[in-house]
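Asker: Protein chains in written order, with my numbering: chain U, 62 to 174; chain F, 1074 to 1183.
Check each hint, because a few of them may be wrong.
Stated by the list, open to error - Quick list of in silico lysine-lysine cross-link-like pairs, DSS-like style, CA-CA up to 30 Å: (1) U:K75 / U:K118; (2) F:K1076 / F:K1170; (3) F:K1125 / F:K1142; (4) F:K1076 / F:K1125; (5) F:K1125 / U:K144; (6) U:K131 / U:K144; (7) F:K1142 / U:K131; (8) U:K70 / U:K144; (9) F:K1170 / U:K131; (10) U:K144 / U:K75; (11) U:K144 / F:K1142; (12) F:K1076 / F:K1142; (13) U:K132 / U:K70; (14) U:K132 / F:K1142; (15) U:K118 / U:K132; (16) F:K1182 / U:K118; (17) U:K118 / U:K70; (18) U:K131 / U:K118; (19) U:K70 / F:K1170; (20) U:K118 / U:K144; (21) F:K1125 / F:K1170.
No lab work stands behind these hints, which were simulated from the structure alone. Only a predicted model underlies this, so the values are computations on that prediction, with no experimental measurement involved.
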Amino acid sequence: DGGITQSPKYLFRKEGQNVTLSCEQNLNHDAMYWYRQDPGQGLRLIYYSQIVNDFQKGDIAEGYSVSREKKESFPLTVTSAQKNPTAFYLCASSRGVSSYEQYFGPGTRLTVT
Amino acid sequence: DAKTTQPPSMDCAEGRAANLPCNHSTISGNEYVYWYRQIHSQGPQYIIHGLKNNETNEMASLIITEDRKSSTLILPHATLRDTAVYYCIVRPRQGNKLVFGAGTILRVKS
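Isolated chain U (complex conformation) (with noise of 0.2 Å):
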């Protein structure tokens, strides 16, 4: 089956570490995303990539890192720069700067104390 991983569904922090969140997808989509959501919130973008080894920065990208050096993989760090890394993070990908929809995974609730 086609879609978009994330991994894990649960994770834990303590303050000061930095963590590095999966997001994996097997649509061959040359786009990828990271949204941050928070409780009774929309989403937020925080990194995109629109191809391999390019990425650009979004409306939060303070104290988050990216990289993509596969089609497939664009894995988000958390660094310990962020002051409110507590919040669900959601992954997406599209075909491409014209393509219309985008497609999530199922997230990952990260929790730092």
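On the provided structure of chain U, position chain F as indicated by the hints.
Answerer: What follows is chain F alone, placed relative to chain U:
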């Protein structure tokens, strides 16, 4: 990107049509209207999109007013599994950025 306004919540009886409104009075000529929904603790799911004509697919219908300043998503026969947050989003044809607002919480009740 044009801003959208949606009611915070709506209720619908199971088996009846659910009509979810969205205002986007500042929409420009090259911007599409998209609808996504998010079931609790899951990733959003694409439903439908349109430019100016009404659209229908296996999930829903999208009615866009002639002046394009508002639209309505119609779920023809709502089921309990349609309970979710529904997001109306406006975005340019060439842009991939989706701007999610707070959406409408639809509660389908038996």
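Asker: Checking against the hints above, which ones are violated?
Answerer: Numbers 5, 7, 11, 14 and 16 - these are the hints that the structure violates, sorted from lowest upward.
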